[in-house]
Every structure is written in structure tokens, then in C-alpha cells.
Amino acid sequence: MINKIAASVADALADVKDGSTVMIGGFGTSGIPNELIDGLIAQGSKDLTVVNNNAGNGDTGLAALLKTGRVRKIICSFPRQADSYVFDGLYRTGKLELELVSQGNLAERIRAAGAGIGGFFTPTGFGTELAKGKECREINGKNYVLEHPIYGDLALIKAERGDRWGNLMYRMAARNFGPVMATACKKTVATVHEISDLGELNPEHIVTPGIFVHQIIKIERQATQSGGLRKAA
Amino acid sequence: MTYQKRTKDQLAARVAQDIDEGAVVNLGIGMPTSVANHIPASREVLLHSENGILGMGPAPAAGEEDYDLINAGKQPVTLLKGGSFFHHADSFAMMRGGHVDICVLGAFQVSATGDLANWHTGEKDAIPAVGGAMDLAVGAKQTWVMMDLLTKQGESKLVQACTYPLTGIGCVKRIYSDLATLACTAQGLKLIDKVEGLAHAELEKLVGLPIRN
Numbered sequence: 001m002i003n004k005i006a007a008s009v010a011d012a013l014a015d016v017k018d019g020s021t022v023m024i025g026g027f028g029t030s031g032i033p034n035e036l037i038d039g040l041i042a043q044g045s046k047d048l049t050v051v052n053n054n055a056g057n058g059d060t061g062l063a064a065l066l067k068t069g070r071v072r073k074i075i076c077s078f079p080r081q082a083d084s085y086v087f088d089g090l091y092r093t094g095k096l097e098l099e100l101v102s103q104g105n106l107a108e109r110i111r112a113a114g115a116g117i118g119g120f121f122t123p124t125g126f127g128t129e130l131a132k133g134k135e136c137r138e139i140n141g142k143n144y145v146l147e148h149p150i151y152g153d154l155a156l157i158k159a160e161r162g163d164r165w166g167n168l169m170y171r172m173a174a175r176n177f178g179p180v181m182a183t184a185c186k187k188t189v190a191t192v193h194e195i196s197d198l199g200e201l202n203p204e205h206i207v208t209p210g211i212f213v214h215q216i217i218k219i220e221r222q223a224t225q226s227g228g229l230r231k232a233a
Numbered sequence: 001m002t003y004q005k006r007t008k009d010q011l012a013a014r015v016a017q018d019i020d021e022g023a024v025v026n027l028g029i030g031m032p033t034s035v036a037n038h039i040p041a042s043r044e045v046l047l048h049s050e051n052g053i054l055g056m057g058p059a060p061a062a063g064e065e066d067y068d069l070i071n072a073g074k075q076p077v078t079l080l081k082g083g084s085f086f087h088h089a090d091s092f093a094m095m096r097g098g099h100v101d102i103c104v105l106g107a108f109q110v111s112a113t114g115d116l117a118n119w120h121t122g123e124k125d126a127i128p129a130v131g132g133a134m135d136l137a138v139g140a141k142q143t144w145v146m147m148d149l150l151t152k153q154g155e156s157k158l159v160q161a162c163t164y165p166l167t168g169i170g171c172v173k174r175i176y177s178d179l180a181t182l183a184c185t186a187q188g189l190k191l192i193d194k195v196e197g198l199a200h201a202e203l204e205k206l207v208g209l210p211i212r213n
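Each protein sequence line maps, in turn, to chains F and U. Take the first sequence: its letters are residues 1 to 233, numbered as in the numbering used here. Take the second sequence: its letters are residues 1 to 213, numbered as in the numbering used here.
Don't read these hints as lab results, they were simulated from the structure. Only a predicted model underlies this, so the values are computations on that prediction, with no experimental measurement involved. We put the CB at the ideal spot given by N, CA and C, even for glycine.
Label-pair distances were calculated between CB atoms; the ranges are:
hint	chain 1	residue 1	chain 2	residue 2	range
1	U	122	F	143	15 to 25 Å
2	F	133	U	183	32 to 42 Å
3	U	153	F	186	50 to 60 Å
4	U	18	F	19	46 to 56 Å
5	F	93	U	21	46 to 56 Å
6	F	195	U	183	53 to 63 Å
Please model the entire structure based on the sequences and the hints provided.
Structure below.
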């Protein structure tokens, strides 16, 4: 019997090795798998490369992981937030390497890794600092930059509902990077708020098919909190 | 002659005036977000948010916020009937694949031929953050910039060539500012409109560049 339901976060993350590349879902504060990040902190692996859209808010979640000093490098599009002070401090003192990637390239490079694509040409970033040192090519009169896939060892994502085959559904904009990250990593661990019996999830509504998911863990529902908010101009 | 600058609300309304029925629009963080408040309810416009929302509605009433439903600026929003959610790769396929009609972005500098600088001041201590700006700037059918024409120090943000790090080359079609609306063309700036009482020569003097009528 296939059963991807893990007994605990600790069980699901027991085999994370030092030097792993860990993709963590979430945009701002929506879709952040906080329980899995806490589990990774407790598990203790170090020399990690983290892939996330942002670089942590406040003192919890990704910011708490960065604070442990076990992250060597972060690959993200938007590290600067109203309350990204943990990242800011580590970056300014040279304790954390930053690879800044445009958000579309971040999503597409992850997608490429998951889809077995060796690289792709995109017009995004042509002629900018983010294209420095990269191969450029004119195709049909338009300029493109060569971008490479980002492969992960582990994806940590937050979903809404799942089943023992690892099929996942998400809630609202908390979906964000989850489905693409799940495709790009050797192992994907997802939290869900509900575990359904096989066949209960409408197959037309399954967003991430179980082939991309290795372990799921049920976490009690808590409302997503605000954070990192910018005042409207 | 004396003239009044457009207020932030007037500027947002001026941008909204040019957004047609049926358009798919992405509004950047900050000032551009306010454009949504000025699109008449009678006009159906689809707002896209990079974090996977099409058909984004206004801010919820106090107490109704759901932080799984936020815009690119991390502020709570709502979903209109017919709206949809999708993952990040699909969202950026919409932005990069030319499916978004208009994006409205803020800017540090724009060149007369439409080069955009809006992600990094280039200062040594500044933490760079690019987000989706580079994807939108080159991917949307039309990129519009919404900004004050002058810095707080009175320098023009419209320049011959950007000195800040670039977001995209020749990507800005229009600039909506507190003093004038201008088109960026391969031949330089072209006037669309300006605030009442501002003479053409005075505008050119403030900008420091020739502006065609």
C-alpha cells in the first residue's frame, strides 16, 4: 500500500543532509510551511542553500532558520521587506550569500528543473546587472538571456488538502510556488490541514498530482497571519 | 502662469482613464496600487497579481481579511466572481508571455526612449530586491510608469540615460506623472497632456529634455 502520510515532521525530515538545497514555498506570509521550517531548524542540518521568493519576515519561520546561521546561501527575488531585519543583518555582515533572481526567472528556473529542461532563453533581464556574465542570443530580432534550472534536494510546501497518494489541493494565493517547487526536488514534503480518503479529492481539482510528493503531514488549521505589510502609498 | 500638480488621487484617476474595458492589468507595489480605486465600477477590468490571482477585487472590510488572499504588496485583497488562482509559473507565463495588456510600475528613473530603472539605487549598502519588475517590464503588452516627475531634490526622474541600474531597455511606453503625461518613443519624449497652466517650455526646462507636441 502506498502511504505517504508521515507520522511527524521530525520523521519526514530526519534524512536531510548538510549542504542540501531546500526550496521553501510561500509569498510574503501566505503559503509558508512554518511547521516544516521549524522542523528543519530542530533537525539541525547546516550549510544549506534556501530557495524562497523572500528572505524571511520578523523572527519566525524562514527568518528563524536564517538566524541559526545554518544557511549559506539564499536564492530569492525580493529579500527586502518592511521586517526582513534578520536577513538584512546577515547580508550586510557577509554571513549570507544572496543570489538575486527576477521572480519570473525564479519560477521558470524551478519549473525547468522539474520538467527536465536544461536551460531556456528569456528576454527578462536583458541588458541589466542580473544578466551579467550570462550567454545572450538574438532570436528573431529579439534579445534573450540564457537561464539555467534550479534543482532542489528538498521542497517544503504548504497545501490545504491531501491524500495518502500525495495528491494536493491548495488554498487561494497560498498556492504560489508550491506546485512548481514540488516538481523540482528529489523529495517534497507538504503540510495539509485535511487528509482525505483516496477518491475524495475531486480528480479535476487536484493541483499537484501525488507523483511529485513524497510525504504529507497533517497540521491543525491556523489562520494565516499578516506580516511584512507595506503601507499603501 | 501658475499651475497645480496632480494630487496622488488625480494621478491615479488619470491612469485609470486610459484603461479600457476588458483589459488585463497588473498594478505594481506602492502608488500604482491606488489606480484600482479609480476604475469605474461600470468598466470590467481584470486585475492580475503576480502571486497567482486573476480577477482581484478591492480590499476587504475591516475584520474580513484573509492573509491567504493578498496582493503583491502583501496587503489583503478580495476575489471577484469569476476570479481564479494559479501557481507562480503560470502567473509569470501570463506576465512574460504577453498576456497582460498593461502593467503600471513605479520608477526611480525613465529615459526618453523608455529605459526603466526601478529596482535598485545601486548604493553600496542598499539591499537589492527585484521581484517581478523585470518580468513585467519586458513581458506586458504595454508598460506604463506612474511617478512624480521630479525627485524631492527637484531633479528630473526623466533622463537622457538612466544612471541607476536598469530594469529593462526601451520598455516604457507612457509616463503618467504629477505634471504631465508623456509617451516614450525611439525619437524621444512626446507630450500627451499636461496640467493646466504649465507652459510647454517650462515643462521642457523642468525635465531638461526636448518634448515633442
